[in-house]
Amino acid sequence: MVSTGLLTQTLINGLLLAGIYMAVGVGFSLIFGVLEIIDFAVGQYVMVGAFAGAALAPILGSEALLAVPFVFAAFFVVGVFVQPLIHHVTTGDRPMPLLMGLVFTFGLARFIRGSVLTIAGPNSRDVPTSIAVGSFSIPSIGTFPMVRVATALFGVAALAGFLYYLYRTEGGTAIRSVAEDRDISRLMGVNINRYQSLSYGAYAAMTASAGVFIGMVYSASVGMGMQYTGFAFFMIVLAGMGYLPGIILSGLVLGIVQSLTAVYLGSEYVFFILFGLIWVLLLVRPTGLLGKGEVA
Amino acid sequence: MASLTGCTGGSGSNSDRETFRFGIVTSLSGPLRYGGQVTKRGYDLWKNRINEDGGIEVNGNRYEVEFTYADAQSDPSTGADATQKMIDNEDVDAMLGPYSSQVPLSMGPILDQNQMPCITGSSESPELWRNQHEYLFGTIPSVNVFVGDVVEMLLSFDPSAETAYITGVNGPFSKSAAQGMRAGAEAAGVEVLGYELYPADADRSSIISEAQSAEPDVHLNSGNIDSNATFMASAQELSYEPNGVFQHYGINTPGYKNAGDAAAYTFGATLWLPQAGRSGGQLWGDSQTYADQFQAEYDKLPEYTEAASSATGVVYQEALAELGAEPPLTGDEQTQLISILEEITVDTFWGTIDYESEGENYHNNITTNPLAIQLNEDLDPEIVAPADVAETEPTYPIPSWSDR
Chain A
1 MVSTGLLTQT LINGLLLAGI YMAVGVGFSL IFGVLEIIDF AVGQYVMVGA
51 FAGAALAPIL GSEALLAVPF VFAAFFVVGV FVQPLIHHVT TGDRPMPLLM
101 GLVFTFGLAR FIRGSVLTIA GPNSRDVPTS IAVGSFSIPS IGTFPMVRVA
151 TALFGVAALA GFLYYLYRTE GGTAIRSVAE DRDISRLMGV NINRYQSLSY
201 GAYAAMTASA GVFIGMVYSA SVGMGMQYTG FAFFMIVLAG MGYLPGIILS
251 GLVLGIVQSL TAVYLGSEYV FFILFGLIWV LLLVRPTGLL GKGEVA
Chain B
1 MASLTGCTGG SGSNSDRETF RFGIVTSLSG PLRYGGQVTK RGYDLWKNRI
51 NEDGGIEVNG NRYEVEFTYA DAQSDPSTGA DATQKMIDNE DVDAMLGPYS
101 SQVPLSMGPI LDQNQMPCIT GSSESPELWR NQHEYLFGTI PSVNVFVGDV
151 VEMLLSFDPS AETAYITGVN GPFSKSAAQG MRAGAEAAGV EVLGYELYPA
201 DADRSSIISE AQSAEPDVHL NSGNIDSNAT FMASAQELSY EPNGVFQHYG
251 INTPGYKNAG DAAAYTFGAT LWLPQAGRSG GQLWGDSQTY ADQFQAEYDK
301 LPEYTEAASS ATGVVYQEAL AELGAEPPLT GDEQTQLISI LEEITVDTFW
351 GTIDYESEGE NYHNNITTNP LAIQLNEDLD PEIVAPADVA ETEPTYPIPS
401 WSDR
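Line order of the protein sequences matches chains A and B. Residues 1 to 296 in this note's numbering are what the first sequence spells out, letter by letter. Residues 1 to 404 in this note's numbering are what the second sequence spells out, letter by letter.
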């Protein structure tokens, strides 16, 4: 018999996980839409963001939350400078730009991972916080861990902020036009390179900041990146490739399916179920759950 | 490709040398690098100390010890290649083994084929000994043996536990530890409410919520250091409060402190601590003397694997003295060394070492008595059982999260 208490707590766990995944998926989806690249380095931005949080927190009174603005700003700059390199290998007379981008970012991911391993060593690091600690309980519903709530709020706020920028500002309109059709955007006077750099900078900043939160939940470890790369791929397929609002639904599906599977089938079946879901979706509905993703 | 490093400066047989040459294959890079360094520190300390004494005494003469390292790169196949190269090219008399269990599993057939003695000061998987490799020995008891013993101690604390929930990372080592926990619980007559193995990167919140709903008296969990730290942090987040939480491996390692305050009061198992009061044998008269020297050398307290690695060197020095053969050893002498290792009983600062000569623990030392430990508020480990060596009474049931 299914315990109601366990079911509601499992759903809470899933919802809070969804927030974590949204924080990672939002930037990934954005650059897929705007730059048309699949960035294999997404998980490594999460990892290096977590390590940045671990490194900065002691300077900031053992409070990693205070590190988030610094990480955001630093990685925005990093992203703005990395994007032209990606642009260089995915344009011109090179064949199969999607593959070129994938290979380039795969190399970037290995470089980031190797660098952190060399600098920080193989041991994991605590990403401390004294604000987002403990939990609160709602009787008859369940327990809400503060650090996961903070991470979920960050994910939701980031997504809302991105959506507001994209759909309510001139810059956002320019980015959407680039995502829609680069050539026409260029003819309309949109500075393509500028908006692509801004998008990649925002993505890197967003993802590394999410890494600080994820580090607070789990700790920072060199090997953590790969699973977030996997989750990010899952999310954009489920959301519909390049369709940013779909990240809300894909995050929810990812978090809740993961929690329910872990409790009612067993943790070892989580990836089997999740990737089974992706395979089926790619077969029957390649435009994502909402049917609004890009297709070739 | 495995890299060979060391001070031998060449390869091939050198019948004139007057040193005992040991080959060491361990993980100096890759995910198991931390553990590789643990074994290296233990072996190196033994080498430094024995050479300060003039070397291993054989028939009244002393022969210094030299090491040749090869990097297994945390990969079993690379470890196997490195072992073969070590035997073919480095003219070693005997070998010292790696951290983790997967690498020595791949080394075992090569050691047997080449009749090369090897003792590992790490490696706790029972699978190693079930394979019955004639030339492979292990100083640390199988994890399923000693973890089960410690779980029985924990379950006898007052008030005696009636129910337990067991979880573990689904890997060879942690799975064996979880099986040991289940055996210990069943031996103590405790009902196991749940037994779940999960992937190393699984989110712990679901696992803990499930255990929480079962309301066990104690929770037993196995995993690596990071995974166990994450488990406790998640337990704190979700206010999971059984009477006690036992974890293996590594609650007394620096990495476990990543769990912060959540790590306090965790129970764990160890085979050795500086304050364990073990004494006897050569080089280090007791466990505290060893710990002091280790601290002076490496500026940290030794872990039990480091101590076991050093103690493994002491076993070799006594076995070689009994063999009475000068370096370099011939093939026949290496085979005789195996017979001696099967028969010898060595008292060391780490405890008595006596390798089994038959059965499912073939060539594993299962004589060392395990210790139940608990982290105090300052996250320092204290021995809480067995009673004859306990430093303090266990804090059991552990304080609720709100009372800490």
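Since the hints were made in silico from the structure, they are not lab data. A hint or two may mislead.
[Said to hold, decoys possible] So the derived list for chain B, only partly shown, Cβ under 8 angstroms to chain A, looks like this: (1) Val192; (2) Glu196; (3) Asp201.
Glycine included, C-beta positions come from ideal geometry on N, C-alpha and C.
Outcome of the hint check:
1. A distance limit of 8 angstroms between C-beta atoms decides the matter here; for Val192/B the minimum to chain A is near 16 angstroms, and the interface restraint is violated.
2. The interface hint given for Glu196/B holds, since its Cβ lies 7 angstroms from the closest Cβ of chain A, which is under the 8 angstroms cut-off.
3. A hinted interface residue such as Asp201/B counts as satisfied when its beta carbon comes closer than 8 angstroms to some beta carbon of chain A; here the least separation is about 5 angstroms, so the hint holds.
Of the hints listed earlier, the one the structure fails to meet is number 1.
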